[in-house]
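Sequences are here, hints too, so could you generate the full structure?
One-letter residues, chain by chain:
There are 2 protein chains.
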Amino acid sequence: MTKRSKIPSPTIERLALYSRPLQSFVESDTPIVSSEKLAELCGVNPAQVRKDLAYFGEFGVRGVGYDAQELLREIKRILGTDREWTICIVGMGNLGMSLVENDNFRKRGYRFVAAFDLDSRKAGRRLPCGLAIQPACNIPEQVRGLGVDLGIITTPSREAQRAAELLFKANIKGILNFSATQVRAPECCIIENVDLSVKLENLVYHLETLYKGMPMK
Amino acid sequence: MTKRSKIPSPTIERLALYSRPLQSFVESDTPIVSSEKLAELCGVNPAQVRKDLAYFGEFGVRGVGYDAQELLREIKRILGTDREWTICIVGMGNLGMSLVENDNFRKRGYRFVAAFDLDSRKAGRRLPCGLAIQPACNIPEQVRGLGVDLGIITTPSREAQRAAELLFKANIKGILNFSATQVRAPECCIIENVDLSVKLENLVYHLETLYKGMPMK
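Protein chains in written order, with my numbering: chain A, 969 to 1185; chain B, 969 to 1185.
Misleading hints may appear alongside valid ones.
No copy labels: a pair is met if it fits in one copy or bridges any two.
[Claimed, not checked] Computed cross-link-like contacts, BS3-like style, restricted to lysine-lysine with a CA-CA straight-line distance of at most 30 Å: (1) 1075 x 1019; (2) 1019 x 1167; (3) 1167 x 1141; (4) 1005 x 1090; (5) 1005 x 1141; (6) 1137 x 1005; (7) 1141 x 1044; (8) 1167 x 1075; (9) 1167 x 1005; (10) 1167 x 1044; (11) 1075 x 1090; (12) 1090 x 1137; (13) 1044 x 1090; (14) 1044 x 1005.
Hints in this document: simulated from the structure, not taken from any laboratory.
Next comes the structure, spelled out in structure tokens:
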């Protein structure tokens, strides 16, 4: 088995991707799945699937396929998603609202337990999920009190660092940052920056490659 | 120079990441940037920066650094973001609303030119950016008429395929799909799926690796 920390992030993200159709197979009582099928459903090639899984040991039977339930359990164990993770979110604009309502998060075992905004005028507003928005000054006490695992920042850029400082004070060790700015963090906290426009760049690049020199319409 | 299509997606996404601080350097008249500085600002290691740029030829001077303006221009040319791309979006819930208002998209040269929703009761509603929401039945004619380059799907899962079919009819060649479902597409259309919960899985994995066996609080 490879040392966990040596496994590249793209592999980890693909393992998470593989777990999605696997979950559907398990729910529909399909016992066996081939690397070809899994690859097709995830939009990668079968050799990539086999290579990614090989990091973690021996899976599946050559010419037969993978035991869907066993593989799903293993992937969840590897990723650490075999238990529930609690989340607090700071920044209840449109993006914050959409994440709190996101079905995928709930399905994967993530549970929003607190929502904050730096604009105290939003405090008290009730969300469809049942949570009420709290003022950001409540973060340190509330987040510690609830023992929250992860933080998500969906504030405007100019407020992101302040939101992050409040989460550090609350002893949060992992943050997903959707704001358009990099956040400075102490060593004990892992920040994962998500820039949604990067995905567009990837798409544009592949379009340019495919249609270079051809009229696109 | 490597063949464009052989360059891995993670490299393309990192090139897009590098362009962000480079843009700031150019705007603040900083002429030279080292791979170390660029790496630090993007949260990757310097060797990775040098390796990614090497795919596309010779950049920079050993021991000195990169000419920020030249490197930015080259990256934009490689990615195809040296011109404006027009976008239409289908699904004006919270996520759709947040993307239309996203400053990063505008800064990178993406311009929303039409917004649609499958719920015709939303039609006519005016967005902060000035666009009015249109009913989805307008997609084929409007999108062709405006010569839109890219589509974004932010509908609920059950409506994603229908949204995609309308975009295919409008001759859209590239789609960013934020819905929680995979979309079936003809060969001539590139679909890039974005599952935001995958980013959480990556974060959780790294937290588990870092704090394995240690009490996290």
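**OP:** First find the shortest C-alpha distance between residue 1167 and residue 1044 inside one copy, then the shortest across copies, and answer within, between, both or neither for a cut-off of 30 Å.
**Re:** both (25 Å within a copy, 15 Å between copies)
Subject >> residue 1167 and residue 1075: within-copy, between-copy, both or neither at 30 Å Cα >> reply: This pair counts as both: shortest intra-copy Cα distance 23 Å, inter-copy 14 Å.
Original post:
How do residue 1137 and residue 1005 come out at 30 Å by Cα distance, when the copy is not named: within, between, both, or neither?
Top reply: For residue 1137 and residue 1005, only the inter-copy Cα distance (28 Å) is at most 30 Å; the intra-copy one is 46 Å.
Subject >> Homo-oligomer pair classification [residue 1005, residue 1167; C-alpha up to 30 Å] >> reply: both (25 Å within a copy, 24 Å between copies)
Original post:
Should residue 1044 paired with residue 1005 be assigned to within, between, both, or neither, using CA atoms and 30 Å as the limit?
Top reply: within (20 Å within a copy, 36 Å between copies)
**OP:** Check residue 1005 against residue 1090 for me: Cα-Cα at most 30 Å, and say if that holds within a copy, between copies, both or neither.
**Re:** neither (47 Å within a copy, 39 Å between copies)
**OP:** Check residue 1044 against residue 1090 for me: Cα-Cα at most 30 Å, and say if that holds within a copy, between copies, both or neither.
**Re:** neither (37 Å within a copy, 40 Å between copies)
**OP:** Measure nothing new, just compare the shortest in-copy and cross-copy C-alpha distances for residue 1005 and residue 1141 to 30 Å and report within, between, both or neither.
**Re:** between (37 Å within a copy, 25 Å between copies)
**OP:** Give the relationship of residue 1141 and residue 1044 under a CA distance limit of 30 Å: within one copy only, between copies only, both, or neither.
**Re:** Within one copy only: 20 Å inside a chain, 35 Å across chains, cut-off 30 Å.
Original post:
Quick one: residue 1090 to residue 1137, C-alpha cut-off 30 Å, is that within a copy, between copies, both, or neither?
Top reply: The answer is within: 22 Å in one copy meets 30 Å, while 42 Å across copies does not.
Subject >> Homo-oligomer pair classification [residue 1019, residue 1075; C-alpha up to 30 Å] >> reply: Within one copy, since 27 Å is at most 30 Å while 37 Å is not.
Subject >> Intra- versus inter-subunit Cα pairing at 30 Å for residue 1019 with residue 1167 >> reply: For residue 1019 and residue 1167, both the intra-copy (24 Å) and inter-copy (21 Å) Cα distances are at most 30 Å.
Checked against the numbered hints listed earlier, the structure breaks hints 4 and 13; every other hint is satisfied.
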